[in-house]
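K.L.:
Take the given structure of chain A and dock chain B to it, following the hints.
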Amino acid sequence: MRIKYAIILALVAIAIGASVGLKMFFKPHADISKLKSEFKLDASNLITEFGQDENTATTKYSEKILEISGKLVAKNKLPNGTDLLVLEDEMQGISCQLDSSWASANQSVIQSLETGNPVTVKGVCKGYLMEIKVSPAIVLK
Amino acid sequence: MLKKLFILVLLVASVAAFGQSKFIAKNAYISFFSSTPMEDILGESNESVTILNAETGEIAFQALMTTFHFKRALMEEHFNENYMESTKFPKAKFNGKIEGFNKAMLTANVSDIKVTGILSVHGVDKSITAPAKLGLESGKLVATAKFKVTPEEFGIAIPSLVRDKIGKEMEITVKANYLPFGN
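Protein chains in written order, with this note's numbering: chain A, 132 to 272; chain B, 793 to 975.
One chain only, chain A, in its complex shape (with noise of 0.2 Å):
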């Protein structure tokens, strides 16, 4: 009877096991519009802060969760169908590639958006390559 026991408390526990094996291995990405900012920032004051101290601002931001509010000055496509958003600056701003579920959903949301005018998105921050990467990123407003 014991050894019974011992058997079925053997299996469940290596079904327990396997199940939360497979389901970490199977863990689904992070879905954006779901989780909580860490930060809510200026454009132009994250630019900042990463102008003067890289290191620093790549410790505090790095695999954050950042909303941010700047100007938008450039909205293009990659060449795999990504839309890449840029705030402030062409060259040395922020770049942010749209998470590809959320923009296929909400394409309507992206073609109104105007270079020119302000843009809140929300995106996990992956630091500083010239200009601030942030990816993958949804547009709040």
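Mixed in with the good hints there might be a few duds.
What follows is a list of derived Cβ distance ranges for each label pair [as the list claims (entries may be wrong)]:
id	chain 1	residue 1	chain 2	residue 2	range
1	A	L166	B	K960	32 to 40 Å
2	A	K135	B	K960	45 to 53 Å
3	A	G247	B	N874	40 to 48 Å
Keep in mind that the hints were calculated from the coordinates and are not lab data.
Quick caveat, the model's predicted, so the values are computed rather than measured.
Backbone N, C-alpha and C define an ideal beta-carbon position, used for all residues, glycine too.
P.N.:
Only chain B this time, still in chain A's reference frame:
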């Protein structure tokens, strides 16, 4: 601010001296590909920056490791945390030169070239030579390259338990659509 000013001065100086002497691509494509019996592992980034010096044929690439995107969230996590240690080594860099460079290469049709230089990944510098292609594709300057590296070359330790699941060699693909810089 200082850095911005420095880049601006550099930019103005180079434009003044040579005219349009540099090409840039801010959203260059780089991928890692490794085929295994279990499944193919593909990490892609569309956020690499590259500059090509049209006077000297010098070519530089930089990529942020955290911009590589994988099919599974877990692959991305392992790539950044266990293998690349992206917090410690956030950028991969390549600084090199086009062999036998001449300016005509920039206005000719796409043709085979060779690029030699130093590839820095995971804090390890390694000299590499890679076959590449450079030239005009529908009026735009494009560069592509494909070459292989092994994780061990860059001091990336892969636990023996999963060593067989990750290909011995990784194929790196690079594609950049260049634009004239500084106008």
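K.L.:
Indicate, hint by hint, whether the structure satisfies it.
P.N.:
Outcome of the hint check:
no.: 1; hint: L166/A with K960/B: 32 to 40 Å; result: 37 Å, holds
no.: 2; hint: K135/A with K960/B: 45 to 53 Å; result: 46 Å, holds
no.: 3; hint: G247/A with N874/B: 40 to 48 Å; result: 44 Å, holds
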